[in-house]
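Protein sequence lines correspond, in order, to chains F and A. Quick note: the first sequence, position 83, residue 83 per the numbering used here, numbers continuous. Quick note, the numbering used here runs 113 ahead of the 1-based positions in the second sequence.
The hints are simulated quantities; they were obtained by calculation from the structure and are not laboratory data. It is possible that some hints are incorrect.
Stated by the list, open to error - In silico DSS-like cross-links for lysine-lysine, where the CA-CA straight-line distance does not exceed 30 Å:
1. F:K108 - F:K52
2. A:K184 - F:K108
3. A:K217 - F:K52
4. F:K100 - A:K217
5. A:K217 - F:K3
Stated by the list, open to error - Facing chain A, from chain F, some residues (calculated, C-beta under 8 Å):
6. A13
7. Q42
8. Y46
9. G50
10. Y87
11. K100
12. V101
13. F103
14. I105
As the list claims (entries may be wrong) - A short list of chain F residues far from chain A (calculated; beta carbon distances all over 10 Å):
15. T5
16. E14
17. R16
18. A17
19. N54
20. E58
21. A60
22. T65
23. E66
24. R68
25. T72
26. P76
27. V85
28. T102
29. G104
30. V111
Here a beta-carbon is modelled for each residue, glycine too, at the ideal position from N, C-alpha and C.
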Amino acid sequence: DAKTTQPPSMDCAEGRAANLPCNHSTISGNEYVYWYRQIHSQGPQYIIHGLKNNETNEMASLIITEDRKSSTLILPHATLRDTAVYYCIVRVGNSGGYQKVTFGIGTKLQVIP
Amino acid sequence: DTGVSQNPRHKITKRGQNVTFRCDPISEHNRLYWYRQTLGQGPEFLTYFQNEAQLEKSRLLSDRFSAERPKGSFSTLEIQRTEQGDSAMYLCATLGGGVSTNEKLFFGSGTQLSVL
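Only chain F is shown next, with the shape it has when bound in the complex:
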């Protein structure tokens, strides 16, 4: 899997948009960008993923640059419950078979009241 680079920490005011960047300059053409988050003492939780088009779901939006070398996860109206560590990973999303999935240290997002 390609490596990703994320800032170790970020702050965001409650009610504002949180924009979490991720660099994945060595991403391959068949690799998707996935985002997970981990709230303290729980397992990581899937948020969203995409290949090259921007994606939106009930939790967040994902913006992927045209060259696919970076992406941004957007939480449109951050709440205190969004305080968590956010992981960006890249992996083949349609393999049906084995692939190693590796995590970096992620970005610790602190939402401030």
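Given chain F's structure and the hints, the job is docking chain A onto it.
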């Protein structure tokens, strides 16, 4: 609740004892991962099963560690002769078996191991 169940949630043991953790995956998921996570770090890959076959093991998985997945259902991770450095959160995650662009890892809540 993701549908992946891990037991126990917490385990405190003395150095030198053996411990075993269990993961019950989502029933139709044939791919299963074990990870270890220490404070301030992301999950580190330990091992992977596809059905009952253990296809990859990390070098982190010393000979004191063994994992099984009999009949491709639940999985167990055993640590023999525990050391204080084994203290960590042990996470289980599963992937569905179909070929799909929506493959997502589903994680359990983990087992927090403390070795005294």
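Results for each hint:
Between F:K108 and F:K52 the CA atoms are separated by roughly 25 Å; this keeps the pair inside 30 Å, and the hint holds. At roughly 39 Å between alpha-carbon atoms, A:K184 and F:K108 are farther apart than 30 Å, so this suggested pair is violated. Proximity of A:K217 to F:K52 is assessed by CA-CA distance (about 17 Å); at most 30 Å being required, the pair is judged to hold. At most 30 Å may separate the alpha-carbon atoms for a hinted pair to count; F:K100 and A:K217 meet this at roughly 13 Å.
For the suggested pair A:K217 and F:K3, the alpha carbons sit about 18 Å apart, so the restraint of at most 30 Å is met. Of the supplied interface hints, the one on F:A13 is violated, with its beta-carbon coming no nearer than about 25 Å to a beta-carbon of chain A, more than 8 Å. For F:Q42, the interface hint holds, since its Cβ comes within 8 Å of a Cβ in chain A; the closest pair sits about 6 Å apart. About 4 Å separates the beta-carbon of F:Y46 from the nearest beta-carbon of chain A, less than 8 Å, and the hint is met.
About 10 Å separates the beta-carbon of F:G50 from the nearest beta-carbon of chain A, more than 8 Å, and the hint is not met. Hint status for F:Y87 relative to chain A: holds, with the closest Cβ pair at about 6 Å, below 8 Å. Taken as an interface hint, F:K100 checks out: its beta carbon lies about 6 Å from the nearest beta carbon of chain A, inside 8 Å. For F:V101, the interface hint holds, since its Cβ comes within 8 Å of a Cβ in chain A; the closest pair sits about 6 Å apart.
Here the hint on F:F103 is kept, as its CB sits about 4 Å from the closest CB of chain A, short of 8 Å. Given hint, F:I105 at the interface with chain A, holds; its Cβ is 5 Å from that chain's nearest Cβ, closer than 8 Å. Listed as a non-interface residue, F:T5 keeps its Cβ farther than 10 Å from every Cβ of chain A; the least gap is roughly 13 Å. With a closest Cβ-Cβ approach of about 24 Å to chain A, F:E14 is found to remain outside the 10 Å limit, as its non-interface label requires.
In this structure F:R16 is separated from chain A by more than 10 Å, as the shortest Cβ-Cβ distance comes to about 26 Å. Listed as a non-interface residue, F:A17 keeps its Cβ farther than 10 Å from every Cβ of chain A; the least gap is roughly 24 Å. Taking the minimum C-beta to C-beta distance to chain A, about 16 Å, the non-interface status of F:N54 holds against the 10 Å cut. With a closest Cβ-Cβ approach of about 15 Å to chain A, F:E58 is found to remain outside the 10 Å limit, as its non-interface label requires.
In this structure F:A60 is separated from chain A by more than 10 Å, as the shortest Cβ-Cβ distance comes to about 14 Å. Even its closest Cβ contact with chain A, about 20 Å, leaves F:T65 beyond 10 Å, as expected for a residue assigned away from the interface. With a least beta-carbon separation of about 20 Å from chain A, F:E66 lies farther than 10 Å from that chain, consistent with its non-interface assignment. Every CB of chain A lies more than 10 Å from the CB of F:R68, the least distance being 16 Å, so the non-interface label holds.
For F:T72, the non-interface assignment is confirmed: its Cβ lies about 19 Å from the closest Cβ of chain A, beyond the 10 Å cut-off. Its beta-carbon lying about 21 Å from the closest one in chain A, F:P76 satisfies the requirement of being farther than 10 Å from that chain. Non-interface status of F:V85 relative to chain A is broken: a Cβ of that chain comes within 10 Å, the nearest being about 8 Å off. With a closest Cβ-Cβ approach of about 6 Å to chain A, F:T102 is found to fall inside the 10 Å limit, against its non-interface label.
The claim that F:G104 lies off the interface is violated: its Cβ sits roughly 5 Å from the closest Cβ of chain A, which falls inside the 10 Å cut-off. Under the 10 Å C-beta cut-off, the non-interface status given to F:V111 relative to chain A holds; the minimum distance is some 19 Å.
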